[in-house]
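*Asks:* Listed here are the chains, written in short residue letters.
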Amino acid sequence: MSAISIILVVIVAFFAGMEGILDEFEFHQPLVACTLIGLVTGQLIPCVILGGQLQMIALGWANIGAAVAPDAALAAVASAIILVLGGQGAKGVGTSVAMAIPLAVAGLFLTMIARTLAVPIVHLMDAAAAEGDTRKIDFWQVVAICMQGLRIAIPAAAMMFIPATTVKNVMEAMPSWLTDGMTIGGGMVVAVGYAMVINMMASREVWPFFAIGFVVATVTDLTLIAIGALGLALAFIYQNLSKKAANGGGNGGNGGNGGNGGDPLDDILNDY
Amino acid sequence: MAEKKIQLTKKDRLSVAWRSTFIQGSWNYERMQNGGWCYALIPALKKLYPKKEDRAAALKRHMEFFNTHPYLASPVIGVTLALEEDRANGAPVDDVAIQGVKVGMMGPLAGVGDPVFWYTVRPILGALGASLAISGNIVGPILFFVLWNIIRWAFMWYTQEFGYRAGSKITDDLSGGLLHDVTSLASMMGMFVLAALVERWVSIKFTPVVSQVKLSKGAYIDWDKISMTHSGLQKAFTQYQNGLALSPTKVTTLQNNLDSLIPGLAGLLLTFLCMWLLKKKVSPIVIILGLFVVGIVGHVIGLL
Chain A
1 MSAISIILVV IVAFFAGMEG ILDEFEFHQP LVACTLIGLV TGQLIPCVIL GGQLQMIALG
61 WANIGAAVAP DAALAAVASA IILVLGGQGA KGVGTSVAMA IPLAVAGLFL TMIARTLAVP
121 IVHLMDAAAA EGDTRKIDFW QVVAICMQGL RIAIPAAAMM FIPATTVKNV MEAMPSWLTD
181 GMTIGGGMVV AVGYAMVINM MASREVWPFF AIGFVVATVT DLTLIAIGAL GLALAFIYQN
241 LSKKAANGGG NGGNGGNGGN GGDPLDDILN DY
Chain B
1 MAEKKIQLTK KDRLSVAWRS TFIQGSWNYE RMQNGGWCYA LIPALKKLYP KKEDRAAALK
61 RHMEFFNTHP YLASPVIGVT LALEEDRANG APVDDVAIQG VKVGMMGPLA GVGDPVFWYT
121 VRPILGALGA SLAISGNIVG PILFFVLWNI IRWAFMWYTQ EFGYRAGSKI TDDLSGGLLH
181 DVTSLASMMG MFVLAALVER WVSIKFTPVV SQVKLSKGAY IDWDKISMTH SGLQKAFTQY
241 QNGLALSPTK VTTLQNNLDS LIPGLAGLLL TFLCMWLLKK KVSPIVIILG LFVVGIVGHV
301 IGLL
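Chains as they are written, first to last, in full-length UniProt numbering: chain A, 1 to 272; chain B, 1 to 304.
Since the hints were derived computationally from the structure, they do not count as laboratory data. There could be a bad hint or two in this list.
[Claimed, not checked] List time: in silico SDA-like cross-link candidates among lysine to any residue, alpha-carbon distance up to 20 Å: (1) K60/B - F139/A; (2) K52/B - A69/A; (3) K281/B - F139/A.
[As the list claims (entries may be wrong)] Per the computed footprint, the stretches of chain A lying under chain B, defined by three or more beta-carbons under 8 Å from a beta-carbon of chain B, are: (4) 6-16; (5) 112-118; (6) 121-131; (7) 148-154; (8) 159-173; (9) 208-215.
Cβ atoms here follow ideal geometry from the backbone N, Cα and C, with glycine treated the same way.
Only chain A is shown next, with the shape it has when bound in the complex:
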């Protein structure tokens, strides 16, 4: 890799690390991070493919409450570097995806360290606040953000000192049953992310939407945009109808029946 590429990769890694905590611009999402690394190393297309596959796995990874999700930033950056160094092009994607998983776990520990180190920084900000010194608060906020950037930039820089031939040899030495098996595993791992999200959202009310969505998806002519539009339309219809039903039910009750509104559809019809 040329010196310029190395510097640019470290910069991309820095941004990914920052975003890993900020969660605003989404530079840390594999789709974006892998693409940027591909762009600066001249191996755009294989890295875009890697980003797409990793993104599918990482769709449901989000830090909510006590649930700690694997770290997408380190996984995306490091596995893209491995892919580039390995020099196998799109063929190496399956192996890189599998490599990304242990890296995502390693990234988790780095995140925990960084979040602990932020405690003394905040105490310095307290001191600055007591003095009314806004400049100092700004300064420490920037320091804290940079620390998060270094969390990914340092491992990324270290990885690029591994000679490309070593990575290449390791990748090529892997027997095909192992790489094929890992690719198959990668296809199944996607389910974990979806399961995490479904567990968070599922309620008795929304399961029918899940069933319809699953069946509709078997119509292979429909693109994801079409499915999204269909889902949104159904959700609106459901919400409007249930509101009307609630209003109608209320009126019915006022009408002197004294019941719980009875059949909501009946009440809507009566209102007309």
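Please arrange chain B on chain A, whose structure you already have, making use of the hints.
*Replies:* Frame of chain A, contents of chain B only:
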């Protein structure tokens, strides 16, 4: 109160909104988003409190514990700006009131941000981009990045302005069903699209052969009778279009049998298994590593 009122201009509010992008930068285990919160408010506090001791007091009261969804912090910031503005102009708004609004809003708002942004918008845009990217299409990542940031920035700016204009009244507005509507819409649409993603992208292929049936003559293309000429190829393709098989034996794998029930059934069952394991408090990382092992072992013994 004889002095003229200090007011925050649109430029001040834009500057606060931009800084709130970095609200999680100093996220820490002690008081979470407090540092970033204070950092975001600085342009406003500087303008509202020109006297040093007032400013120090304002900065200190915004270093208190704060944590919500990073984008849903925007409406809270808006309300806080309105309150601080009133206070700087002499209205009797005390520390307790400001702290109360912050704490009162952050909990319910975090409950909206997670399902809407992390579980609906990001999976949908991510899957849209990823499905293009997997075939090597550069439009995928660009589409994801651009759409996400437009939605995010529009949301943050609009809700901050909304909070600023509504002031402390916002708590009534929000509890009046709007929040509930947005959350329930997101969860319905989210579940719909998630199911589609499970069907399309969770891939398991069982390779064991269930049956091999010799097809009768005329049900497959008899390649010996096809000559490698233009007309010969044309004939072969015509036969293929008419539904003739490519080889004289029909191989049915376990996967074909499952797909004839409904395509994607195996992936659906796998997803349910993962949900169950997660509910049993099995760590997602353990499940992920386990699935890789299953993939490798299954491939070696010829099951997958």
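*Asks:* The structure should be examined with respect to each hint, and the outcome stated for every one.
*Replies:* Here is what the structure says about each hint:
1. For the hint linking K60/B to F139/A, the alpha-carbon distance of about 16 Å falls within 20 Å, and the restraint holds.
2. At most 20 Å may separate the alpha-carbon atoms for a hinted pair to count; K52/B and A69/A exceed this at roughly 43 Å.
3. Between K281/B and F139/A the CA atoms are separated by roughly 41 Å; this puts the pair beyond 20 Å, and the hint is violated.
4. By the rule of at least three residues with a Cβ nearer than 8 Å to a Cβ of chain B, the coverage given for the region 6-16 of chain A is violated, with 0 such residues.
5. Figure legend: the region 112-118 of chain A, annotated as covered by chain B; annotation consistent (3 residues with Cβ-Cβ distances under 8 Å, at least 3 required).
6. A count of 8 residues in the region 121-131 of chain A with a Cβ less than 8 Å from any Cβ of chain B is obtained; the coverage claim is therefore met, three being the minimum.
7. Requiring three or more residues with a Cβ within less than 8 Å of a Cβ of chain B, the coverage given for the region 148-154 of chain A is violated, as only 1 such residues are present.
8. Restraint check on the region 159-173 of chain A versus chain B: 0 residues with Cβ-Cβ distances below 8 Å, three needed, restraint violated.
9. Figure legend: the region 208-215 of chain A, annotated as covered by chain B; annotation consistent (7 residues with Cβ-Cβ distances under 8 Å, at least 3 required).
Violated hints for the displayed structure, listed by number in ascending order: 2, 3, 4, 7 and 8.
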